[in-house]
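Trainee: Based on the hints, put chain B in the right spot on chain A.
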Amino acid sequence: MMSDNGGQKPRNAIHIEDLSVVFHERRALDHLTLDVPAGIIFGLLGPNGAGKTTTIRVLLGLVHPSSGHAHVLGMDSLTHSQDIRQQCGVLLDPGLYERLSAEDNLRFYSRIWHLSARESTERIQESLTHIGLWERRKERVSTWSRGMKQRLAIARLLIHHPELIILDEPTTGLDPIAAAALHQDLLDLIQRTRVTILLTTHNLTEAEKLCSLVGIINAGTLRALGPPGELRERLGGMRFEISGRNFPPELLQQWRQLPGVLSLQLQGSVLTLALRPGTATAPLLTQLIQAGAEIQEARRYTGNLEDVFLSIIEGQ
Amino acid sequence: MWHDVITVMWKEWKELLEQRWVFWGMFSQAGTFGVFLAIHQGIAFVNSPVSLSYWVWLPSIMVMTVIADAFAGERERHTLESLLATRLPSTAIVLGKLGTAVGYALAITATAVGVGVLVVNIQYSTGMPILISPFFGLFGACLSLLMAILVGSAGILISMRATTVRQAQLTIAMIFVPLTIIPASILLELPGPLRTLLSGQPVNLPITEIAVIVGTIVGILITADIVLLIIALRRFRRSEVVLES
Chain A
78 MMSDNGGQKP RNAIHIEDLS VVFHERRALD HLTLDVPAGI IFGLLGPNGA
128 GKTTTIRVLL GLVHPSSGHA HVLGMDSLTH SQDIRQQCGV LLDPGLYERL
178 SAEDNLRFYS RIWHLSARES TERIQESLTH IGLWERRKER VSTWSRGMKQ
228 RLAIARLLIH HPELIILDEP TTGLDPIAAA ALHQDLLDLI QRTRVTILLT
278 THNLTEAEKL CSLVGIINAG TLRALGPPGE LRERLGGMRF EISGRNFPPE
328 LLQQWRQLPG VLSLQLQGSV LTLALRPGTA TAPLLTQLIQ AGAEIQEARR
378 YTGNLEDVFL SIIEGQ
Chain B
2 MWHDVITVMW KEWKELLEQR WVFWGMFSQA GTFGVFLAIH QGIAFVNSPV
52 SLSYWVWLPS IMVMTVIADA FAGERERHTL ESLLATRLPS TAIVLGKLGT
102 AVGYALAITA TAVGVGVLVV NIQYSTGMPI LISPFFGLFG ACLSLLMAIL
152 VGSAGILISM RATTVRQAQL TIAMIFVPLT IIPASILLEL PGPLRTLLSG
202 QPVNLPITEI AVIVGTIVGI LITADIVLLI IALRRFRRSE VVLES
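Note that the protein sequences, when read in sequence, are chains A and B. So for the first sequence, this note's numbering puts the first residue at 78; every next one is plus one. So for the second sequence, this note's numbering puts the first residue at 2; every next one is plus one.
Chain A extracted, bound-state conformation (with noise of 0.2 Å):
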């Protein structure tokens, strides 16, 4: 393998520095600079077309940079994009070939990667025993359900141990029960090995059970970089939900213009005002009930990961 540091393993699995990427035009990643340390699951949050796959592609040196670099594994992914394809195990979309049994599959990428024909015929029990569809290595997997299929993507992902893995949206179409599943592989895989994991998504509860680190991304450029917790902390702000009844319009319109009010909804029988640090909530909730308002249940909150990534998102 060809590092550009001498041999010796990078901190940091991704280092992107000042990034852009122009297709016809149209800016897919905008100066983007990020760095993610290597053994954690790093979550890229972003909507459609924020560049998230765009990344990937330059990571693996799919779509080449218009000007700035990517380092994976301490590689340049313009120079060393084939090196840098050695190591990795990628889930797109998620790309089995359905007329192949679940063990033909992993063979063929046993064969890409190498292996022996005792390590690959091993390694295939291993994985296919360990996602429980041993059973059903002969059968064709177009006659699977979309969970074992993206559970056996992932096994023919890791069927050559690699150094980090990216998968793109892997969780897109599952069920609760499959995702749940996936996600517990992904965790157990982090404990097991000390492999790095870069994942896209648009399920921020995903991201925020898995990843010890997230960056939200749009329109190619990044947003925000951070822990969860410190996101939520940072950025989430605090959340007043009161349910209930009869909440009069002209009050609510006084406290849109209220300095310490960001915003507030009223979606059915819940008003949510995001706050800013500091405002007091009880003198609100005595201005409601003078207003004849019926409350049945109100509560204080910090916002989560998606109130981070929709302030976000929304803010543009």
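No lab work stands behind these hints: they were computed from the structure. Among these hints, one or two may not hold up.
Estimated spans, in silico, between C-beta atoms of each pair [what the hints assert, rightly or not]:
1) A:326 <-> B:162: 54 to 62 Å
2) B:51 <-> A:99: 51 to 59 Å
3) B:111 <-> A:219: 29 to 37 Å
4) A:269 <-> B:220: 56 to 64 Å
5) B:143 <-> A:216: 39 to 47 Å
6) A:264 <-> B:21: 38 to 46 Å
7) B:111 <-> A:114: 53 to 61 Å
8) A:143 <-> B:2: 30 to 38 Å
9) A:99 <-> B:165: 22 to 30 Å
10) A:269 <-> B:180: 56 to 64 Å
Idealized CB from N, CA, C, for every residue including glycine.
Mentor: This is chain B only, laid out in the frame that chain A set:
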């Protein structure tokens, strides 16, 4: 590198053999070319230029049926990007796919020829085995291989840019079906002595002149094969193929 080419071929063959139409194709070609044409042509099946022209035409058509799927099929089935994200060198991917299409076409041609020779021997039995002359067999095999590579390389170029298999098939058929008639027509106009040689009879023409004629035909095809193959290999850039997806 060759290990990677064989790996791609292994996968391509596995996928190919999982499709029923492949076997039906083999049966129908063996039936049409091997049985019908052999009965129709009689002993000429083993020595006439008309028969030789089918050795050129059949593999070309057979390559077309498979090569359209090479990249357009992977793109349509959403497996292309995963394949490109592996460590496989681009050259191995192209050569593996081409090798499978050419191998498939030659296998069908060989089956059809074998069936044809068998039918001729049964139908027109003279007590002596009726066989293809070594010159006919070698020349025919050479032409089959070179034409299959030629059409396959051009097909790769079309398939790597096509969005769907159907689009690739239509483009390939529109361009190459008329073109495959050209070499077949040339074979029908071979000089008399060469026609005699094809039939396994001795000719008075000096061996050097025969070598020049055969060498020219084969040389033109080899040159065209090399040029098209180099173009296909150079045009296959992962970054461009991914963006077509």
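Trainee: Evaluate each hint against the coordinates.
Mentor: Do the hints match the structure? See the list:
With their beta carbons about 59 Å apart, residue 326 of chain A and residue 162 of chain B fall inside the hinted range of 54 to 62 Å. Evaluation of the 51 to 59 Å hint for residue 51 of chain B and residue 99 of chain A yields a pass: the beta carbon distance comes to about 57 Å. Against the hinted window of 29 to 37 Å, the Cβ-Cβ separation of residue 111 of chain B and residue 219 of chain A comes to about 31 Å, which satisfies the hint. Checked against the hint of 56 to 64 Å, the pair residue 269 of chain A and residue 220 of chain B passes, with Cβ atoms roughly 60 Å apart.
In this structure the hint that residue 143 of chain B and residue 216 of chain A lie 39 to 47 Å apart at CB holds, the actual value being about 43 Å. In this structure the hint that residue 264 of chain A and residue 21 of chain B lie 38 to 46 Å apart at CB holds, the actual value being about 43 Å. Distance hint for residue 111 of chain B and residue 114 of chain A: a CB-CB separation of about 58 Å, consistent with the stated range 53 to 61 Å. A hinted range of 30 to 38 Å holds for the C-beta pair residue 143 of chain A and residue 2 of chain B, which are about 31 Å apart.
For residue 99 of chain A and residue 165 of chain B, the Cβ-Cβ distance of about 27 Å falls inside the hinted range of 22 to 30 Å, so the restraint holds. For residue 269 of chain A and residue 180 of chain B, the hinted distance range of 56 to 64 Å is satisfied, since their beta carbons lie about 57 Å from each other.
Comparing the model with each earlier hint shows no violations; every hint is respected.
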